[in-house]
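Visitor: Each chain, written out:
There are 2 protein chains.
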Amino acid sequence: MLRTHTCGQLRESDAGSVATLCGWVDSYRDHGGGLFVDLRDRYGLTQIAFNPPDTPEEFIEASKDLRAEYVIEVTGNVAARPEGQHNPKLATGDIELRATGFRLLNKAKTPPVSPSAKATDLPGEELRLENRFLDLRRPSMQRAMMLRDKITKRMRDYFEEHDFVDIETPILGRSTPEGARDYLVPSRVHHGHFYALPQSPQLYKQVLMMAGYDRYVQVARCFRDEDLRADRQPEFTQLDLEMAFVEQDDIMGIIDGLVEKLAKEILDIDVKLPLPRMTYDEAMTRFGHDAPDLRFGLEIVDLTDLAPQSDFGVFKSVVDAGGHVRAICVKKGAEHYSRRGIDALTEFVKGYGAKGLAWFRVEAEGKLNSNIAKFFSDDLLAQMGERLGAEEGDLILFSADKWLGTCKVLHALRTKIGEEMKLYDEKDMHFSWVVEFPMFERTEDADNPQAEGKWSAMHHPFTAPLPEHLEYLESDPEKCRAQAYDLVINGSEAGGGTIRIHDAGTQSKVFSLLGIDKETAQDRFGFLLEALQYGAPPHGGIALGLDRFVMLFGGIDNIRDVIAFPKTQKASDLMTGAPGKVDARQLKELAVKVDM
Amino acid sequence: MLRTHTCGQLRESDAGSVATLCGWVDSYRDHGGGLFVDLRDRYGLTQIAFNPPDTPEEFIEASKDLRAEYVIEVTGNVAARPEGQHNPKLATGDIELRATGFRLLNKAKTPPVSPSAKATDLPGEELRLENRFLDLRRPSMQRAMMLRDKITKRMRDYFEEHDFVDIETPILGRSTPEGARDYLVPSRVHHGHFYALPQSPQLYKQVLMMAGYDRYVQVARCFRDEDLRADRQPEFTQLDLEMAFVEQDDIMGIIDGLVEKLAKEILDIDVKLPLPRMTYDEAMTRFGHDAPDLRFGLEIVDLTDLAPQSDFGVFKSVVDAGGHVRAICVKKGAEHYSRRGIDALTEFVKGYGAKGLAWFRVEAEGKLNSNIAKFFSDDLLAQMGERLGAEEGDLILFSADKWLGTCKVLHALRTKIGEEMKLYDEKDMHFSWVVEFPMFERTEDADNPQAEGKWSAMHHPFTAPLPEHLEYLESDPEKCRAQAYDLVINGSEAGGGTIRIHDAGTQSKVFSLLGIDKETAQDRFGFLLEALQYGAPPHGGIALGLDRFVMLFGGIDNIRDVIAFPKTQKASDLMTGAPGKVDARQLKELAVKVDM
Chain A
-7 MLRTHTCGQL
3 RESDAGSVAT
13 LCGWVDSYRD
23 HGGGLFVDLR
33 DRYGLTQIAF
43 NPPDTPEEFI
53 EASKDLRAEY
63 VIEVTGNVAA
73 RPEGQHNPKL
83 ATGDIELRAT
93 GFRLLNKAKT
103 PPVSPSAKAT
113 DLPGEELRLE
123 NRFLDLRRPS
133 MQRAMMLRDK
143 ITKRMRDYFE
153 EHDFVDIETP
163 ILGRSTPEGA
173 RDYLVPSRVH
183 HGHFYALPQS
193 PQLYKQVLMM
203 AGYDRYVQVA
213 RCFRDEDLRA
223 DRQPEFTQLD
233 LEMAFVEQDD
243 IMGIIDGLVE
253 KLAKEILDID
263 VKLPLPRMTY
273 DEAMTRFGHD
283 APDLRFGLEI
293 VDLTDLAPQS
303 DFGVFKSVVD
313 AGGHVRAICV
323 KKGAEHYSRR
333 GIDALTEFVK
343 GYGAKGLAWF
353 RVEAEGKLNS
363 NIAKFFSDDL
373 LAQMGERLGA
383 EEGDLILFSA
393 DKWLGTCKVL
403 HALRTKIGEE
413 MKLYDEKDMH
423 FSWVVEFPMF
433 ERTEDADNPQ
443 AEGKWSAMHH
453 PFTAPLPEHL
463 EYLESDPEKC
473 RAQAYDLVIN
483 GSEAGGGTIR
493 IHDAGTQSKV
503 FSLLGIDKET
513 AQDRFGFLLE
523 ALQYGAPPHG
533 GIALGLDRFV
543 MLFGGIDNIR
553 DVIAFPKTQK
563 ASDLMTGAPG
573 KVDARQLKEL
583 AVKVDM
Chain B
-7 MLRTHTCGQL
3 RESDAGSVAT
13 LCGWVDSYRD
23 HGGGLFVDLR
33 DRYGLTQIAF
43 NPPDTPEEFI
53 EASKDLRAEY
63 VIEVTGNVAA
73 RPEGQHNPKL
83 ATGDIELRAT
93 GFRLLNKAKT
103 PPVSPSAKAT
113 DLPGEELRLE
123 NRFLDLRRPS
133 MQRAMMLRDK
143 ITKRMRDYFE
153 EHDFVDIETP
163 ILGRSTPEGA
173 RDYLVPSRVH
183 HGHFYALPQS
193 PQLYKQVLMM
203 AGYDRYVQVA
213 RCFRDEDLRA
223 DRQPEFTQLD
233 LEMAFVEQDD
243 IMGIIDGLVE
253 KLAKEILDID
263 VKLPLPRMTY
273 DEAMTRFGHD
283 APDLRFGLEI
293 VDLTDLAPQS
303 DFGVFKSVVD
313 AGGHVRAICV
323 KKGAEHYSRR
333 GIDALTEFVK
343 GYGAKGLAWF
353 RVEAEGKLNS
363 NIAKFFSDDL
373 LAQMGERLGA
383 EEGDLILFSA
393 DKWLGTCKVL
403 HALRTKIGEE
413 MKLYDEKDMH
423 FSWVVEFPMF
433 ERTEDADNPQ
443 AEGKWSAMHH
453 PFTAPLPEHL
463 EYLESDPEKC
473 RAQAYDLVIN
483 GSEAGGGTIR
493 IHDAGTQSKV
503 FSLLGIDKET
513 AQDRFGFLLE
523 ALQYGAPPHG
533 GIALGLDRFV
543 MLFGGIDNIR
553 DVIAFPKTQK
563 ASDLMTGAPG
573 KVDARQLKEL
583 AVKVDM
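Chains A and B supply the protein sequences, listed in that same order.
Under this note's numbering, the first residue of the first sequence is numbered -7, with each subsequent residue one higher.
Under this note's numbering, the first residue of the second sequence is numbered -7, with each subsequent residue one higher.
Calculated from the structure, these hints are not laboratory results.
Since the structure is predicted, the reported quantities are computational estimates derived from the model, not experimental observations.
Check the hints yourself; a few may be wrong.
Because identical chains cannot be distinguished in the list, a pair is counted as satisfied if it fits within a single copy or across any two copies.
Capping the alpha-carbon separation at 27 Å, the derived lysine-lysine pairs in DSS-like fashion look like this [as the list claims (entries may be wrong)]:
#1 K142 <-> K501
#2 K585 <-> K562
#3 K101 <-> K501
#4 K573 <-> K510
#5 K81 <-> K408
Excised from the complex, chain A in its bound form (with noise of 0.2 Å):
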């Protein structure tokens, strides 16, 4: 090794000894007799003096060439700090190493992207995607890689306990064209043929429960060529598990033990165990959302009986047409948002369908002040605040709209509120269950009027129904529900997984209400089906978000600040500039040619 110790290692007990250490020149002063220097690697920063009598001339010339990111190899004395200069914020802030010599390992040209911490402008995304080469250098982008490190390890450390396998499946697959588009390879073998890059491990994991590998886990990569939104990747990585022989709760139990570790380990909080659990019903009627947060309260309060008796017409035309009036009433509300205020909301709520938004402020002795109030006659006044607990000082938002339609402006309003008036501590942690999702909901596909208003599986077709719905199946679809359980970290959906069909009778049925026939199942799905019919165990599982995780854990906001080399949106690389042209001879080896 170049060195003896790294950039974050000295401390004062080191002093009176010798030490070679290699790294990128952060910053540097020049205080005419000499040089001080922070040196950089990914362990911390050392303050390194060129200084007589330490240093030899030669080498504080030298020194004086040194500029930003130029990488040196350093020997030199460890010395306790003069007096007065000690750094507290340093972990080696007692110290500095007083050269006695060096060697420029190389130079640097100056930086587009400061690695330096000191930087204070950050550039571009743009900018940084090009050169990742010194993105990746900055501190924070160090410290978000080495938590995504950490966190996976802690992971695998944790199913290596438990007695699980891991085991590598494909990534040159079968198309199953369902649910989001496949990332496709032509065969050179076989002409006319495709690989697809897998969206996930699913049916290879059912095989290995049904091969009796009984606890499976992955580290695996995922492809989605989806319409990327801020939040998507093409290429994203989830930890996926299977379990055989066991229940719903074995596998929520497993995970919550995965929870309670990593964020003991990672963020040395105490989670209570068993986590919350609260089915998708529920999670609907009070938050609006299948993954709710749960960090503050601002639970939504239904008004549909009492709405349609005041004299305020869309109330009514909505009830009467079977819809909802629900609320939510913000304590303090009306102090924060001011008519302007409440002004933003209700353009942000057309962001979600509404048409406008009815409102309430408390003021003093329970007076309700409101675009909407005259309609209401004091009792109903007094009825509706008393439900939702009004006092002074609060505002109330009303959706009116079908049930679907309250959740989701009531979900958004609640977010955005949260966030707005800091309802929670952003350190806060809350992890939950959300649990008995419906089987099926229907298809909203505005490409396939075909397929408009038909079943689909709300989680994937292989999803097992509670054993107490399996009449539901053939009597009433819409009431059936699911053994599929998500995990929800701080109202972000951060795993989700499901038990499976193990009997061939019960998938027929699945696939019969999906409208799948018997041939389109043969052919997509034919081993699988094959598999249940040589002895397959009762088996379920999970995949949990690793880019999320490391989001969540990290406090980061942007997915690609948790991936070492992401895509765009538009799913470039802008720093290797793939995808790129390739040659004609390339493709004709694979027999396919360019048609734009």
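Fit chain B to the known structure of chain A by using the hints.
Guide: Quick look at chain B alone, frame taken from chain A:
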């Protein structure tokens, strides 16, 4: 959990307790009054007794319907087996579970591939791959998968202990048409552009060193669209690492420690460190190969000076043309290889480019008997015999050809004879390094006459020469040796690495020697060349073949037996049918079409 114990867990000390097991019926014996079943899971086998008085009559009756691979959950009393019925070969062989009840979890059709270890006939590989869900249920496949998991986990533990950061690099990368063929992925967003699946994370890991990560590791999936040999797969896995501020001894030292740990923890073998090292030149001289099998001797002896003194024209003309005459002396080979055996060896070496095989048998009193003995004087025979250390009963085999030709033939002979004469114990493990590889070799590319005879990089164009050989880059490239090192286990290259070039000047010289002009270099590796300008530290790394490691540590010959879902030699997955046809709509979105 449906079970209280696994099928490998119960011992005599558990006798008297009640347990519930789940698993597959491995075999059953109806003895009239009841049934014995061996129940199997991945942990082992347990004997279940469906007999009175423990088992109620109804369950005895029901148990008679059990067939191979039925899945059951069975509860019963753990009891010591009766005297004389203990099975010392089974971990659970001292007990049986006397069933008090059971539940059929799933039935199974008669399996085309029997998962029972008792099955004597292993079906053909095609049937096994088609029914991988059954094949993977066989205990020997389960052992291989668990060994793979264990090796991988121990590797990860080791690198965590040594401060490595595990960083994921992209699967959707940029094509750099060099080396093997890339797998290509058409982009839906950028029509006419393609991603390439990585042949290795080489450039990314070098970027990570330039970004200051210092010690990177990843268990990385790699892809090569090659014509498949028996031991290659389109996708394979390597333990990939890179270190900064190091020299090659540091990297070999890290791997030495890993080998010591794995040998101890996986095989309970003590390995002495440092692992022995041999230069490339020495390996070729003594063994004719750069990954010599050092479990046995049978070294090559050079007779180029002596051989032409005979009247044997072939030797003379080969040496006159600048070639070599080299031989191996097979101890007691004369007995092992009859005339017919030697004929077989003669046929064998023809597959390696030899025109025939000259040989001597050493008979009583050092007399040499052979097809060509008449051409040699007694004195010359004596001199050659002495150099070869020939004794009565030995067999001497010659190769006369250009240097590399003799290497190829004698290495092939040595390997074959080592195996056939059992010159080593199958359980032996020999670990060593081969170092100081040539930087360059002359291109052999029948498809590309322009490249023929030009220099190509033996490893890759980023490999650094030995510091003391820098001058040969210009004066004598052939002489120039690289800071390159291969890990060799039992005659297999188990890994290979190099110190990389970290200064732009040397990198330019190497590119120009390889005929890569500036524009091409910029187009392919622009970001790397750019990163070299901004403070690149000295760095180097290595990649170990994980599939190969599992084969070597598990004594497994077939690479497809260490991969859960491998491809055939035609790159097909016989279970899923990948690669498959895709919808025209999918291709249209990608702006490609099939063009046979």
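Visitor: Within a copy, between copies, both or neither: where do K585 and K562 come within 27 Å Cα-Cα?
Guide: Both: 22 Å inside a chain and 22 Å across chains, each within 27 Å.
Visitor: Since the copies are identical, ignore which copy is meant and state whether K81 and K408 lie within 27 Å (CA to CA) inside a copy, between copies, both or neither.
Guide: neither (35 Å within a copy, 66 Å between copies)
Visitor: Could you figure out if K142 and K501 sit no more than 27 Å apart (CA to CA) within one copy, between two copies, both or neither?
Guide: For K142 and K501, neither the intra-copy (44 Å) nor the inter-copy (40 Å) Cα distance is at most 27 Å.
Visitor: Go through the copies and call it for K573 and K510: within, between, both or neither, with a Cα cutoff of 27 Å.
Guide: Between copies only: 18 Å across chains, 41 Å inside a chain, cut-off 27 Å.
Visitor: Cα distance capped at 27 Å. Does K101 pair with K501 within a copy, between copies, both, or neither?
Guide: between (66 Å within a copy, 21 Å between copies)
Hints 1, 5 from the earlier list are contradicted by this structure; the remaining hints agree with it.
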